[in-house]
Amino acid sequence: MADVQDYKQVRRYETFSYLPPMSAEQIRAQIQYIVAQGWNPAVEHVEPSRSFTHYWYMWKLPMFGERSVDAILAELEACHREYPGHLVKLIGYDNYTQSQGLAFVVYRGS
Numbered sequence: 001m002a003d004v005q006d007y008k009q010v011r012r013y014e015t016f017s018y019l020p021p022m023s024a025e026q027i028r029a030q031i032q033y034i035v036a037q038g039w040n041p042a043v044e045h046v047e048p049s050r051s052f053t054h055y056w057y058m059w060k061l062p063m064f065g066e067r068s069v070d071a072i073l074a075e076l077e078a079c080h081r082e083y084p085g086h087l088v089k090l091i092g093y094d095n096y097t098q099s100q101g102l103a104f105v106v107y108r109g110s
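In this note's numbering, the protein residues as written are 1 to 110.
Because the hints were derived from the structure by calculation, they are not lab data.
Incorrect hints may appear among the rest.
[As the list claims (entries may be wrong)] Straight-line Cα separation of at most 25 angstroms, SDA-like style, residue types lysine to any residue; simulated pairs:
#1 60 to 47
#2 60 to 109
#3 60 to 82
#4 60 to 76
#5 60 to 84
#6 60 to 20
#7 60 to 96
#8 60 to 74
[Stated by the list, open to error] Simulated restraints, written as ranges between beta carbons of each label pair:
#9 60 to 94: 15 to 21 angstroms
#10 99 to 61: 16 to 22 angstroms
#11 95 to 11: 17 to 23 angstroms
#12 82 to 18: 16 to 22 angstroms
#13 18 to 74: 26 to 32 angstroms
#14 21 to 47: 27 to 33 angstroms
#15 54 to 25: 30 to 36 angstroms
#16 47 to 18: 20 to 26 angstroms
#17 96 to 18: 25 to 31 angstroms
#18 67 to 11: 29 to 35 angstroms
#19 25 to 49: 27 to 33 angstroms
#20 108 to 58: 14 to 20 angstroms
#21 95 to 24: 14 to 20 angstroms
These numbers were taken from a predicted model, which means no experiment stands behind them.
C-beta: ideal position from N, C-alpha, C; glycine also.
Make a model of the complete structure from these sequences and hints.
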């Protein structure tokens, strides 16, 4: 029974949260995918204790038509600097299907 591990309850926020944390290069690749699909990126944030019971706050307006990965990364970092204890999520809105094409938590707070 030495191989049996204790169950550790960990909050899962989206599909990528079941994988190991993403590196900076992997986050950049996901942002490049959002841009390549023509989706509109947006940044949201929330306190960890409210992440499942309340809507997330939008950081500024969605970045309609933004094609620069560096500009999107800068907005993610600015949100994280302003709210260091919050979860910060990036969303790619698909105009055609009028839905979220991609969403993942970039910063998990401090």
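These are the hints, each one checked on the structure:
no., hint, result
1, 60 to 47, "holds (17 angstroms)"
2, 60 to 109, "holds (19 angstroms)"
3, 60 to 82, "holds (12 angstroms)"
4, 60 to 76, "holds (11 angstroms)"
5, 60 to 84, "holds (17 angstroms)"
6, 60 to 20, "violated (29 angstroms)"
7, 60 to 96, "holds (22 angstroms)"
8, 60 to 74, "holds (13 angstroms)"
9, 60 to 94: 15 to 21 angstroms, "holds (20 angstroms)"
10, 99 to 61: 16 to 22 angstroms, "holds (18 angstroms)"
11, 95 to 11: 17 to 23 angstroms, "violated (31 angstroms)"
12, 82 to 18: 16 to 22 angstroms, "violated (28 angstroms)"
13, 18 to 74: 26 to 32 angstroms, "holds (28 angstroms)"
14, 21 to 47: 27 to 33 angstroms, "violated (20 angstroms)"
15, 54 to 25: 30 to 36 angstroms, "holds (32 angstroms)"
16, 47 to 18: 20 to 26 angstroms, "holds (22 angstroms)"
17, 96 to 18: 25 to 31 angstroms, "holds (28 angstroms)"
18, 67 to 11: 29 to 35 angstroms, "holds (33 angstroms)"
19, 25 to 49: 27 to 33 angstroms, "holds (31 angstroms)"
20, 108 to 58: 14 to 20 angstroms, "holds (19 angstroms)"
21, 95 to 24: 14 to 20 angstroms, "violated (28 angstroms)"
Violation of the numbered hints given earlier is confined to hints 6, 11, 12, 14, 21; the remaining hints are satisfied by the structure.
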